[in-house]
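Quick note, the sequences are listed as chains A and B, same order.
Here the first sequence stands for residues 561 to 626, where the numbers follow the working numbering.
Here the second sequence stands for residues 391 to 734, where the numbers follow the working numbering.
Any given hint could be a false lead.
[Unchecked claim] Under the rule of at most 25 Å between Cα atoms (straight-line distance), these lysine to any residue pairs were calculated in the SDA-like manner:
{"#": "1", "chain 1": "A", "residue 1": "K567", "chain 2": "B", "residue 2": "K654"}
{"#": "2", "chain 1": "B", "residue 1": "K555", "chain 2": "A", "residue 2": "A578"}
{"#": "3", "chain 1": "B", "residue 1": "K555", "chain 2": "A", "residue 2": "L579"}
{"#": "4", "chain 1": "A", "residue 1": "K567", "chain 2": "B", "residue 2": "T510"}
{"#": "5", "chain 1": "A", "residue 1": "K567", "chain 2": "B", "residue 2": "T540"}
{"#": "6", "chain 1": "B", "residue 1": "K673", "chain 2": "B", "residue 2": "R645"}
{"#": "7", "chain 1": "B", "residue 1": "K555", "chain 2": "A", "residue 2": "L574"}
{"#": "8", "chain 1": "B", "residue 1": "K654", "chain 2": "B", "residue 2": "L722"}
{"#": "9", "chain 1": "A", "residue 1": "K567", "chain 2": "B", "residue 2": "C456"}
{"#": "10", "chain 1": "B", "residue 1": "K555", "chain 2": "A", "residue 2": "R591"}
{"#": "11", "chain 1": "B", "residue 1": "K673", "chain 2": "B", "residue 2": "G685"}
{"#": "12", "chain 1": "A", "residue 1": "K567", "chain 2": "B", "residue 2": "R474"}
{"#": "13", "chain 1": "A", "residue 1": "K567", "chain 2": "B", "residue 2": "P724"}
{"#": "14", "chain 1": "B", "residue 1": "K606", "chain 2": "A", "residue 2": "L588"}
{"#": "15", "chain 1": "A", "residue 1": "K567", "chain 2": "B", "residue 2": "K404"}
{"#": "16", "chain 1": "A", "residue 1": "K567", "chain 2": "B", "residue 2": "S541"}
{"#": "17", "chain 1": "B", "residue 1": "K606", "chain 2": "A", "residue 2": "R566"}
{"#": "18", "chain 1": "B", "residue 1": "K404", "chain 2": "B", "residue 2": "E644"}
{"#": "19", "chain 1": "A", "residue 1": "K567", "chain 2": "B", "residue 2": "H684"}
Simulated from the structure, these hints should not be mistaken for lab results.
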Amino acid sequence: MIQPLRKWHSRIVLFLGALLPLLFLAGLRARHRLPPEEHSSGRESFPTPRATTDSVSLAANTAASQ
Amino acid sequence: MSHQYVAIGWNSQKRAYDLVLAAGVVLCLAIFIGASALLHPSATGETLLIRGFGSCAFLLLNVVSCIGPLCRLDRCFLPLFYNRRHLGVVTFLLGVVHGGFALFQFHALGDLDPFVSLLTANRNFTSLADFPFQLLGFLALVILFLMAATSHDFWLRNLTPPVWKTLHMLVYAAYGLLVAHITLGLLQSERSPFLAVALGISILLVISLHLLAARKERNLDSESLRQSMDGFVVACPLDVIPEKCAKVVSVHGERVAIFKYDGKISVLSNVCRHQNGPLGEGKIVDGCVTCLWHGYQYLPESGASPPPCTEKVSTFRTKIVDGQVWQDSHPLAPGTQVTPSRIA
Numbered sequence: 561m562i563q564p565l566r567k568w569h570s571r572i573v574l575f576l577g578a579l580l581p582l583l584f585l586a587g588l589r590a591r592h593r594l595p596p597e598e599h600s601s602g603r604e605s606f607p608t609p610r611a612t613t614d615s616v617s618l619a620a621n622t623a624a625s626q
Numbered sequence: 391m392s393h394q395y396v397a398i399g400w401n402s403q404k405r406a407y408d409l410v411l412a413a414g415v416v417l418c419l420a421i422f423i424g425a426s427a428l429l430h431p432s433a434t435g436e437t438l439l440i441r442g443f444g445s446c447a448f449l450l451l452n453v454v455s456c457i458g459p460l461c462r463l464d465r466c467f468l469p470l471f472y473n474r475r476h477l478g479v480v481t482f483l484l485g486v487v488h489g490g491f492a493l494f495q496f497h498a499l500g501d502l503d504p505f506v507s508l509l510t511a512n513r514n515f516t517s518l519a520d521f522p523f524q525l526l527g528f529l530a531l532v533i534l535f536l537m538a539a540t541s542h543d544f545w546l547r548n549l550t551p552p553v554w555k556t557l558h559m560l561v562y563a564a565y566g567l568l569v570a571h572i573t574l575g576l577l578q579s580e581r582s583p584f585l586a587v588a589l590g591i592s593i594l595l596v597i598s599l600h601l602l603a604a605r606k607e608r609n610l611d612s613e614s615l616r617q618s619m620d621g622f623v624v625a626c627p628l629d630v631i632p633e634k635c636a637k638v639v640s641v642h643g644e645r646v647a648i649f650k651y652d653g654k655i656s657v658l659s660n661v662c663r664h665q666n667g668p669l670g671e672g673k674i675v676d677g678c679v680t681c682l683w684h685g686y687q688y689l690p691e692s693g694a695s696p697p698p699c700t701e702k703v704s705t706f707r708t709k710i711v712d713g714q715v716w717q718d719s720h721p722l723a724p725g726t727q728v729t730p731s732r733i734a
């Protein structure tokens, strides 16, 4: 009864074991490709500017902060 | 173990576990938010809370993910396993706070409904650097909600353990989504190498522990059985079974636990009916096989839990020939009484 679950568990672990490091490395690579001005140095990354991509919300956020 | 539903069957061990958990979460939040406030004095309170709760939730999810393989590698980690579901629920709650603040800060002040904004604002699915990473976090939170909502034994029993275990294996999907959420989100805007190194170590640790545990389990399953006669197979020599404990062997891909106690041998399925824990790693306590995960008990002769509990596991017919335990390769119906083999 539980044997199929164990097999699925192994497959999932192997899949994630291959996928996640690749994703992580791809993310690091994409990060280093950003032009310097798009990098936010420590303090500027608070709050993450990329998070506010909705222009309506962005405008509202900006208005609210002023 | 219990034969009726209670919200939480509190005992001193659970209280101690949850107290340590609560203290750890508070300490983690205090350290992270305090350090961030010192390093980034211009950061707003909301931002500190978003990052603090998010970091704490991911850290806890890493701990939760490591407990299973650690317990398979070494029994000394079993006390961590006992209340692992509480860790999962707390992870979800921390994630909700993180998500709630993020939804408010980034999506609630526009004209759009916050959830519509979350789901539609960013459609750069082809760009790694601008990927809509918030959607990944939202999906992970939905999975964690499903798991937290069904974490009680009520759902475990009504969904049946295999379905419940399948549902809760979604934790791996949630973990993958959260790694992607951080990699494509915070990692893209944060220049400090600390985050990248910490994330890389956490991925490496979780995957390595799982692979090590899987290797150990595979060795057990690959031990092939041996000669057979009249449907019986040679399981193991008598002298390798410790008194009041079990030897676990694999028969046609299913694990069974061979218990030795009071000069007798009984064989049960290795799968506890509660959470599919490994019965063979438990002990005989007060005449009952006791699962080391949560203490569920079964009579070794019948595989049935003592009344009023109703759980039952499969039993196997056995015989002892020339110091070797032989067992029927076909399981009997759960709860079937079998006369134990006597050790001469």
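These are the hints, each one checked on the structure:
Among the hinted pairs, K567 of chain A with K654 of chain B is inconsistent with the structure: their alpha-carbon atoms are about 33 Å apart, more than 25 Å. Among the hinted pairs, K555 of chain B with A578 of chain A is consistent with the structure: their alpha-carbon atoms are about 23 Å apart, no more than 25 Å. With a CA separation close to 23 Å, the supplied pair K555 of chain B and L579 of chain A stays within the 25 Å bound. A threshold of 25 Å between alpha carbons decides the hint, and for K567 of chain A with T510 of chain B the separation of about 37 Å lies outside it, so the pair is violated.
Using a Cα cut-off of 25 Å, the hinted pair K567 of chain A and T540 of chain B holds, with the two alpha carbons roughly 23 Å apart. For a cut-off of 25 Å, the pair hint linking K673 of chain B to R645 of chain B stands: about 16 Å separates their Cα positions. Between K555 of chain B and L574 of chain A, the direct Cα distance comes to roughly 18 Å. Compliance with the 25 Å bound is thereby established for this hinted pair. Straight-line distance between C-alpha atoms of K654 of chain B and L722 of chain B comes to about 19 Å, which keeps the hinted pair within the 25 Å bound.
For the hint pairing K567 of chain A with C456 of chain B, the CA-to-CA distance comes to about 19 Å; that is within 25 Å, so the pair holds. At most 25 Å may separate the alpha-carbon atoms for a hinted pair to count; K555 of chain B and R591 of chain A exceed this at roughly 37 Å. Among the hinted pairs, K673 of chain B with G685 of chain B is consistent with the structure: their alpha-carbon atoms are about 10 Å apart, no more than 25 Å. With a CA separation close to 22 Å, the supplied pair K567 of chain A and R474 of chain B stays within the 25 Å bound.
Restraint check for K567 of chain A and P724 of chain B: the C-alpha separation of about 23 Å stays at or below 25 Å, so the hint holds. Between the alpha carbons of K606 of chain B and L588 of chain A the distance comes to roughly 33 Å, so the proposed pair goes past 25 Å and is violated. Pair hint K567 of chain A plus K404 of chain B does not hold up; C-alpha atoms about 32 Å apart against a cutoff of 25 Å. Of the pairs offered as hints, the one joining K567 of chain A and S541 of chain B holds, with about 23 Å between alpha carbons and a cut-off of 25 Å not exceeded.
Our distance criterion of 25 Å between C-alpha atoms is met by K606 of chain B and R566 of chain A, whose separation comes to about 13 Å. Pair hint K404 of chain B plus E644 of chain B does not hold up; C-alpha atoms about 32 Å apart against a cutoff of 25 Å. In summary, the hint linking K567 of chain A to H684 of chain B is supported, as the alpha carbons are separated by about 24 Å, within the 25 Å threshold.
Checked against the numbered hints given earlier, this structure breaks hints 1, 4, 10, 14, 15 and 18; the rest are met.
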